[in-house]
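Top line first, the protein sequences correspond to chains S and H. According to the numbering used here, the stretch in the first sequence is residues 1 to 377, in order. According to the numbering used here, the stretch in the second sequence is residues 1 to 377, in order.
Derived by calculation from the structure, the hints in this document are not laboratory data. Do not rely on the hints blindly, as some may be mistaken.
[Unchecked claim] Computed list of chain H residues with no C-beta within reach of chain S, every gap over 12 Å: (1) D97; (2) E274; (3) M353.
[Claimed, not checked] Residues from chain H shown here face chain S by an in silico Cβ test under 10 Å; the list is partial: (4) F21; (5) G22; (6) P25; (7) R121; (8) M151; (9) M157; (10) E163; (11) T169; (12) G178; (13) S183; (14) N184; (15) F189; (16) A192; (17) M259; (18) P260.
Owing to the predicted nature of the structure, the values given are computational and were not obtained by experimental measurement. C-beta atoms are modelled at their ideal positions from N, C-alpha and C, and glycine is treated no differently.
Number of protein chains: 2
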Amino acid sequence: MVVTPWEVSGEIDYEKLIREFGTKPLTDDLLERLGRYAGGLHMMLRRRVFFSHRDLDLILDAYDDGREFILYTGRGPSGQTHLGHLIPWIFTKHLQDVFSAKLYFQFTDDEKFLISHELTREKAMALTYENALDVMAVGFDPERTILISNMRNAGLMYNRAIEIARHVTLSTAKAVFGFKDSSNIGIIFFPALQAVPCFLESIFEERDVPCLIPAAIDQDPYWRIARDVAPKLGFSKPAQIHCRFLPGLGKGGKMSSSMPETCIFTTDDPKSIERKIMNAFTGGGSTISEHRERGGRPQECPIFLYEYLLFEEDDAKVGELMDKCRRGEILCGECKAIVAEKVKRFIERHQEMRERARGMIEDLFLDRYLERRGIRA
Amino acid sequence: MVVTPWEVSGEIDYEKLIREFGTKPLTDDLLERLGRYAGGLHMMLRRRVFFSHRDLDLILDAYDDGREFILYTGRGPSGQTHLGHLIPWIFTKHLQDVFSAKLYFQFTDDEKFLISHELTREKAMALTYENALDVMAVGFDPERTILISNMRNAGLMYNRAIEIARHVTLSTAKAVFGFKDSSNIGIIFFPALQAVPCFLESIFEERDVPCLIPAAIDQDPYWRIARDVAPKLGFSKPAQIHCRFLPGLGKGGKMSSSMPETCIFTTDDPKSIERKIMNAFTGGGSTISEHRERGGRPQECPIFLYEYLLFEEDDAKVGELMDKCRRGEILCGECKAIVAEKVKRFIERHQEMRERARGMIEDLFLDRYLERRGIRA
């Protein structure tokens, strides 16, 4: 099992991740508290899609004291967006709605450029704009959402990154990211840029505004650097809330663009979606009769997990489906057909929202935001 | 003897530097060639203040073929400018005049910020503007001079630096600069920014424009990175022409702001100049009678070297002074009085030019240059 920000593969033991990274489990107390603000517990909390955190309690304490906080998440624009990317974004939108929070969304086009010799800067930027459509298609409030492209906004980002970088030794960066002597000097500096958005609101507002980062658990190490540096800059340590990965349609591992046939991209057409789902690995038996006799393993089945993590909001129904699978009362083909329909509908709706977002993206980038607000930074 | 871009101390064996760095001595052939373009050999060439190079012959070959080249030099704005800084600038102005060459002048305010925890970004930028006055006071042609502040021009600089950085491994950066695990990740990335100006003209003009860097020999390692990367970006390797250090007024070592009493700053008043020179270490005997008997050592004497490297253009006169010193026919007090007058006059004139430059600086920065030229980069 390898979990780093660069590579995630194999079966994932999430409890072990909590122990290894030193994060805290989302306790029933915290869940109850979150439910109170929202008037009910979001599906991704009930299902423990989000399952771990750092300092979420402090964020809620501050909120109770009347202090706002900001949300920060991001994306490395290496290709088209897929369903797996949407999990943290959907939940982030929920948090934005519940807490009326501003969202800083970072596109790390510089990082992608630095680690791929095939990519041009123009291509990296183009992917940022493509991916930005997917972000806004999730339904974020344009009045409260600020998009950052590290390349487009390089001036501000570099100047703030060096404020962070002078507190981060090579030794720390190596320990956190596993950099080697063969790593390039750009990617070694990059963690400083990734830390910047944690502090932007505090910088612009000239007072400490806490930051909560919803992201997949493999991103946790990045924020160790931001958390180490925060007190030296006079800011709160960024808090985090961590989610699981959406599995790909193959056997094991998170959904990953590097295996496109096991991915549902937001730009896929209905036929491709159907083909990919029909070809998916499942938790079912190897023959129908074996499946009927011994039942399936829904916890290992991406098809079931899409229902569980993303599509079936009704807890009773999802429980029933799990039982039926375990008892061999529903066949993989049936499940696949149901999920294929849901995915197609979901992607169709997403694509509509994506097109509607096309006109608004440009105005949401950090430079335009600062222009509108008359902030020079 | 330690010579790195970060620290220069002790007696300096320039021949050894040529061997160690693997540069080439400025041969009589090359000097003659340079003299032909200029209609005579500049004092700093006659006196071998500039004594080493890389690929200067290729630059001159290209020039003979009708191709222009650009000049690039710079300054780490850590404090006020002193006489030692002016040596390469004065010669760079000469090259600009002779070859009608464009000059890119980089202020590495980001580097200074990264290595000093006392410095704020605002202070670092302010030093850039102060130092820019000194640069323009040397007499560069404002029509052909582009000033770069890494902080002010961070957007363009970061985006171009990552193009370089992805070709530079940590291993190379460590070998060249001696970075350690305790080095911060910003300073490790910085060499990529320092390489950028070598290629800016080629980028803006969309064709390969060769670059010649006049600088003190201790800066040579920086350009190893730019030279390694140049062919990968499709550009000529930057050529270099290297000078000696101006000694400080103490015993041994180059003039360094860290020992202000051994420095002549361009902002010093006449009284301070006189005091510092009168207190200077010299190559004279320890008593007057010893000096009269055994004579002085002009090669170790900063007072003589100021005449030799900077002030006395007449070769016969400077030779005569050297002889008189060696024979004990002139006392240190006399030399000091002569040089003090020359330094005061020089600084006074420089300060006038410095004030005249105040109105022009703003327009010379890279962003303004690109605006005027309508270049988006």
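Going through the hints against the structure:
1. Listed as outside the interface, D97 (chain H) is consistent with that label: its C-beta sits roughly 34 Å from the nearest C-beta of chain S, beyond the 12 Å cut-off.
2. Listed as a non-interface residue, E274 (chain H) keeps its Cβ farther than 12 Å from every Cβ of chain S; the least gap is roughly 39 Å.
3. Non-interface call for M353 (chain H) relative to chain S: holds, since the shortest CB-CB distance, roughly 31 Å, exceeds 12 Å.
4. Checking F21 (chain H) against chain S by beta carbon gives a least distance of about 21 Å; that is not within 10 Å, so the hint is violated.
5. About 22 Å separates the beta-carbon of G22 (chain H) from the nearest beta-carbon of chain S, more than 10 Å, and the hint is not met.
6. Nearest Cβ of chain S to the Cβ of P25 (chain H): about 32 Å, over the 10 Å cut. The hint is violated.
7. Nearest Cβ of chain S to the Cβ of R121 (chain H): about 7 Å, under the 10 Å cut. The hint holds.
8. Proximity of M151 (chain H) to chain S holds as hinted, the smallest CB-CB distance being about 6 Å (cut-off 10 Å).
9. For M157 (chain H), the interface hint holds, since its Cβ comes within 10 Å of a Cβ in chain S; the closest pair sits about 7 Å apart.
10. Here the hint on E163 (chain H) is kept, as its CB sits about 7 Å from the closest CB of chain S, short of 10 Å.
11. The restraint placing T169 (chain H) at the interface with chain S holds, with a minimum CB-CB distance near 5 Å, inside the 10 Å limit.
12. The interface hint given for G178 (chain H) is violated, since its Cβ lies 12 Å from the closest Cβ of chain S, which is over the 10 Å cut-off.
13. Because the smallest distance between the Cβ of S183 (chain H) and any Cβ of chain S comes to about 5 Å, under 10 Å, the interface hint for this residue holds.
14. For the restraint placing N184 (chain H) at the interface with chain S, the shortest Cβ-Cβ distance is roughly 5 Å, inside the 10 Å limit, so the hint holds.
15. Using the Cβ-Cβ criterion of 10 Å, the hint placing F189 (chain H) at the interface with chain S is satisfied: the shortest such distance is roughly 3 Å.
16. Look at A192 (chain H): its Cβ gets to within about 6 Å of chain S, closer than 10 Å, so that hint holds up.
17. About 25 Å separates the beta-carbon of M259 (chain H) from the nearest beta-carbon of chain S, more than 10 Å, and the hint is not met.
18. Taking 10 Å as the C-beta cut-off, the interface hint given for P260 (chain H) is violated, the closest approach to chain S being about 25 Å.
Comparing the model with each numbered hint stated earlier shows that hints 4, 5, 6, 12, 17 and 18 do not hold.
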